[in-house]
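Enquirer: Sequence:
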Amino acid sequence: MTLQNGGVTVASGGTLMGNFTAGGTTAIQSGGTLSVGNSPGTGNFSTLTLAGTNVMEFNTNASRSAAGTDFDTINISTGLSYGGGMNLVFAGLISNNAVAFDLFNFGVVTPTGNFASVNIFSGATLIGSLTRTAAIWNGALNLGYGSGSQDFSFSQTTGNLIVIITEPSTWALLVLGLIAVITSRRRRRTV
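With the working numbering as the guide, the letters of the sequence shown map in order to residues -9 to 181.
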C-alpha cells in the first residue's frame, strides 16, 4: 500500500499497521502506535517521527535472517527521530548463535532523539526492559527459550539489534573467575 506523499499523522489511540510506503513526514504521536508489517513486514518512510509506541515483531524462525519476512524492518530515506517506546515482540526460538537484526535501515541519515523505553516481550508477556547508556540499549533477559538468558543490545546509531544466547558454561566460567579473584584478595589481606 502506498500512503499519500503529504505524510501521515497517527494520533493518540490510532494505529498505523501493515506493509506500506509513506512519502512526506509520518508522525506517530504520543499514544499512537506504529506496527509495520503483517507479523512481520516492512515499512518504507521518507521521514519518520516516533513519539508513540513502535512495535517490532519477530516470527518463529530461529535464525530470523530475512528482514521483512522473519522480523519487522523500517526503511528510512530522509529523516528519523526516535521517541516514545519500542516494544520488541518475540515468538518462538532464538538461534544459539549471535543474531543481528537491521530494525531501522536508514543509510546515510543520522537519526535524532532517543526512545523513552525499549521493552522485550515473549508473545504478549512483558519479559523486561533494556537500559540506555548514550545511544545503546542493553539488557540480559530470559525469553524462556533454551537454558539461559539472552543478551540484547539495540543501537539507535545503527538501528541494529544484536541478540546473543548466554551459554551456561559462560556463566560458570564467570563465577569461577570471581571466586578466584575473591580468594586471592582474601589471601593477600591475611599475609
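The set of hints was computed from the structure by calculation and includes no laboratory data.
Misleading hints may appear alongside valid ones.
[What the hints assert, rightly or not] Across the chosen pairs, the derived CB separations fall in these ranges:
#, residue 1, residue 2, range
1, G3, A90, 32 to 42 Å
2, G69, S145, 12 to 22 Å
3, T115, D141, 15 to 25 Å
4, N28, A1, 32 to 42 Å
5, G(-4), D141, 14 to 24 Å
6, N150, T(-1), 23 to 33 Å
7, I152, G103, 17 to 27 Å
Remember, it's a predicted structure, so these values are computed and weren't measured experimentally.
Glycine is no exception: its CB is placed at the ideal position from the N, C-alpha and C atoms.
Enquirer: Each of the hints needs a verdict: does it hold here or not?
Expert: Verification of the supplied hints:
The beta-carbon spacing between G3 and A90, approximately 34 Å, falls within the hinted interval of 32 to 42 Å. Separated by about 18 Å at the C-beta atoms, G69 and S145 satisfy the suggested range of 12 to 22 Å. Distance hint for T115 and D141: a CB-CB separation of about 19 Å, consistent with the stated range 15 to 25 Å. For the pair N28 and A1, the supplied restraint of 32 to 42 Å is violated, since their beta-carbon distance comes to about 22 Å.
Distance hint check for G(-4) and D141: the Cβ-Cβ separation is about 42 Å, which falls outside the suggested range of 14 to 24 Å. Distance hint check: the CB atoms of N150 and T(-1) are about 28 Å apart, consistent with the given range 23 to 33 Å. For I152 and G103, the Cβ-Cβ distance of about 21 Å falls inside the hinted range of 17 to 27 Å, so the restraint holds.
When each numbered hint is compared with the structure, violations occur for hints 4, 5.
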